[in-house]
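Participant: Listed here are the chains, written in short residue letters.
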Amino acid sequence: MGLEAKLQQDSFFTTTFDAIISWARKSSVWPMPMGISCCAIEMMAVGDPKYDIARFGSEVMRFTPRQSDLMIVAGTVTYKMSHVVKKIYDQMPEPKWVIAMGACTSSGGMYRSYSVVQGIDQFLPVDVYLAGCPPRPDNLLNALIQIQEKIGRTKARDFQNLPNPELLKN
Amino acid sequence: MEFKDKILEKLNSNFPSLHVETTDFRGDFCIKFSADKVVEVCNLLKHDSELQFVLCEDITAIDWATSKNRFTMVYHLFSLENKFRLRLKVDIDESISAVDTVSSVWRTANWQEREVYDMYGITFNNHPDLRRMYMPEEFEYHPLRKEFPVMGIPGSLPLPKK
Ligand code: SF4
Numbered sequence: 001m002g003l004e005a006k007l008q009q010d011s012f013f014t015t016t017f018d019a020i021i022s023w024a025r026k027s028s029v030w031p032m033p034m035g036i037s038c039c040a041i042e043m044m045a046v047g048d049p050k051y052d053i054a055r056f057g058s059e060v061m062r063f064t065p066r067q068s069d070l071m072i073v074a075g076t077v078t079y080k081m082s083h084v085v086k087k088i089y090d091q092m093p094e095p096k097w098v099i100a101m102g103a104c105t106s107s108g109g110m111y112r113s114y115s116v117v118q119g120i121d122q123f124l125p126v127d128v129y130l131a132g133c134p135p136r137p138d139n140l141l142n143a144l145i146q147i148q149e150k151i152g153r154t155k156a157r158d159f160q161n162l163p164n165p166e167l168l169k170n
Numbered sequence: 171m172e173f174k175d176k177i178l179e180k181l182n183s184n185f186p187s188l189h190v191e192t193t194d195f196r197g198d199f200c201i202k203f204s205a206d207k208v209v210e211v212c213n214l215l216k217h218d219s220e221l222q223f224v225l226c227e228d229i230t231a232i233d234w235a236t237s238k239n240r241f242t243m244v245y246h247l248f249s250l251e252n253k254f255r256l257r258l259k260v261d262i263d264e265s266i267s268a269v270d271t272v273s274s275v276w277r278t279a280n281w282q283e284r285e286v287y288d289m290y291g292i293t294f295n296n297h298p299d300l301r302r303m304y305m306p307e308e309f310e311y312h313p314l315r316k317e318f319p320v321m322g323i324p325g326s327l328p329l330p331k332k
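From first to last, the protein sequence lines stand for chains A and R. With my numbering applied, the first sequence corresponds to residues 1 to 170, in that order. With my numbering applied, the second sequence corresponds to residues 171 to 332, in that order.
Simulated from the structure, these hints should not be mistaken for laboratory data. Honestly, I wouldn't trust all of these hints.
Stated by the list, open to error - Distance condition first, Cα-Cα at most 25 Å in a straight line; then the derived DSS-like pairs of lysine-lysine: (1) R:207 to A:150; (2) R:238 to R:180; (3) R:202 to R:259; (4) A:96 to R:332; (5) R:176 to R:207; (6) A:87 to R:176; (7) A:86 to R:331; (8) R:207 to R:174; (9) R:174 to R:253; (10) R:238 to R:174; (11) R:253 to R:238; (12) A:86 to A:6; (13) R:180 to R:202; (14) R:207 to R:180; (15) A:96 to A:155; (16) A:80 to R:316; (17) R:253 to R:316; (18) R:202 to R:216; (19) R:332 to A:80; (20) A:150 to A:86; (21) R:216 to R:238; (22) R:176 to R:238; (23) A:96 to A:80; (24) R:331 to A:80; (25) A:86 to R:332; (26) R:331 to R:202; (27) R:332 to R:202; (28) R:331 to A:96; (29) R:238 to A:87; (30) A:96 to A:86.
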């Protein structure tokens, strides 16, 4: 944060918990790569040195939902797959965010057919929709930055991590 | 003798009463015959030492949406020995909508026939494991039938709760 230059001797600064917690949260968003079809290739490209998602603190792609805060749904979600996506989403701890990457996840895309869910917002709360078929990697970085801005506006007390009574019922 | 003629000759000598129609379009040789003989003919094509159609590449079906002979089963075979590709066709009436399984001839046919069952609702007599291939098991329709709407039937495929 450019603080080091100011810290010539022992010193302190004042801030709010909300500011420091949301700063920490947004600078280390750990994605859950839900790569289902072709969009996943562009999602992989985001991790390579050319686009380098590490610049934004999100290089730790976690292949277990229990360690992630951001689900990148990249690909065509069929009705059969939708239950799996939802199950994985439910396993992610709060707070969590969702990027609908590409035309397919956002709206069904070119698959106007019986088997493809016409937009994952029918069963998931989507934070950022990402246009393109597939979106370019820099577009995904743009979505990540928007998620970071959104996280920056949150308050720590927005997420109490209370168990969801709906889930406990099942 | 051309290989195509050899196939026909073998069929003729083994099944003298079998009525065979052939088409040969741009190198795609195709044989059409009646559905009740499909297992015997496939057995001959695979096990004959000169033909050796050991590879069953694909099994699919066509829905013509006609009242008579509504479905056509299509089998794509390949002989590695002779480097020859052969297509078999048999017509099925909608009132029957069933054909004998060839999964006893080629084991790959097991899954390919399950796919045909899933998409067209054609059943396969004596099939060891006739379950749906792609669609959820509780799904009631067969999507590649002509009467099925492209966008599906609302509510037939459940979504997870939000
Ligand atoms: S939006 Fe395009 S690239 Fe992405 S999963 Fe769909 S078809 Fe593939």
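Participant: Against this structure, judge whether each hint is valid.
Facilitator: Hints, one by one, checked against the model:
Between residue 207 of chain R and residue 150 of chain A the alpha-carbon distance is near 67 Å, which puts this suggested pair outside the 25 Å criterion. As the CA atoms of residue 238 of chain R and residue 180 of chain R are separated by approximately 30 Å, the hinted pair breaks the 25 Å bound. About 5 Å separates the Cα atoms of residue 202 of chain R and residue 259 of chain R, which keeps this hinted pair within 25 Å; it holds. For a cut-off of 25 Å, the pair hint linking residue 96 of chain A to residue 332 of chain R stands: about 15 Å separates their Cα positions.
At roughly 19 Å between alpha-carbon atoms, residue 176 of chain R and residue 207 of chain R fall within 25 Å of each other, so this suggested pair holds. Under the criterion of a C-alpha separation no larger than 25 Å, the hint pairing residue 87 of chain A with residue 176 of chain R is inconsistent with the structure, at around 57 Å. The hinted pair formed by residue 86 of chain A and residue 331 of chain R meets the criterion: a straight-line CA distance of about 9 Å does not exceed 25 Å. This hinted pair checks out: residue 207 of chain R and residue 174 of chain R have alpha carbons roughly 20 Å apart, not beyond 25 Å.
For the suggested pair residue 174 of chain R and residue 253 of chain R, the alpha carbons sit about 12 Å apart, so the restraint of at most 25 Å is met. Of the pairs offered as hints, the one joining residue 238 of chain R and residue 174 of chain R is violated, with about 30 Å between alpha carbons and a cut-off of 25 Å exceeded. A C-alpha spacing of about 36 Å is found between residue 253 of chain R and residue 238 of chain R, which places the hinted pair above 25 Å, so the restraint is violated. For the proposed pair residue 86 of chain A and residue 6 of chain A, the alpha carbon gap of about 47 Å is over 25 Å, so the pair is violated.
At most 25 Å may separate the alpha-carbon atoms for a hinted pair to count; residue 180 of chain R and residue 202 of chain R meet this at roughly 15 Å. Distance hint between residue 207 of chain R and residue 180 of chain R is fulfilled; the C-alpha atoms sit about 15 Å from each other, no more than 25 Å. At roughly 14 Å between alpha-carbon atoms, residue 96 of chain A and residue 155 of chain A fall within 25 Å of each other, so this suggested pair holds. At roughly 22 Å between alpha-carbon atoms, residue 80 of chain A and residue 316 of chain R fall within 25 Å of each other, so this suggested pair holds.
Distance restraint check for residue 253 of chain R and residue 316 of chain R: the Cα-Cα separation of roughly 35 Å exceeds the 25 Å cut-off, and the hinted pair is therefore not satisfied. Between residue 202 of chain R and residue 216 of chain R, the direct Cα distance comes to roughly 17 Å. Compliance with the 25 Å bound is thereby established for this hinted pair. For the given pair, residue 332 of chain R sits about 16 Å from residue 80 of chain A by alpha-carbon distance, which is consistent with the 25 Å threshold. A threshold of 25 Å between alpha carbons decides the hint, and for residue 150 of chain A with residue 86 of chain A the separation of about 22 Å falls inside it, so the pair holds.
Pair hint residue 216 of chain R plus residue 238 of chain R does not hold up; C-alpha atoms about 31 Å apart against a cutoff of 25 Å. Restraint check: the Cα-Cα separation between residue 176 of chain R and residue 238 of chain R comes to about 32 Å, which exceeds 25 Å; the hinted pair is violated. Proposed proximity of residue 96 of chain A and residue 80 of chain A is supported: the alpha carbons are some 23 Å apart, at most 25 Å. Distance restraint check for residue 331 of chain R and residue 80 of chain A: the Cα-Cα separation of roughly 14 Å lies within the 25 Å cut-off, and the hinted pair is therefore satisfied.
A distance of roughly 9 Å separates the Cα atoms of residue 86 of chain A and residue 332 of chain R; the hinted pair therefore holds under the 25 Å criterion. As the CA atoms of residue 331 of chain R and residue 202 of chain R are separated by approximately 49 Å, the hinted pair breaks the 25 Å bound. The hinted pair formed by residue 332 of chain R and residue 202 of chain R fails the criterion: a straight-line CA distance of about 51 Å is larger than 25 Å. Of the pairs offered as hints, the one joining residue 331 of chain R and residue 96 of chain A holds, with about 18 Å between alpha carbons and a cut-off of 25 Å not exceeded.
For the hint linking residue 238 of chain R to residue 87 of chain A, the alpha-carbon distance of about 46 Å lies beyond 25 Å, and the restraint is violated. Between residue 96 of chain A and residue 86 of chain A, the direct Cα distance comes to roughly 13 Å. Compliance with the 25 Å bound is thereby established for this hinted pair.
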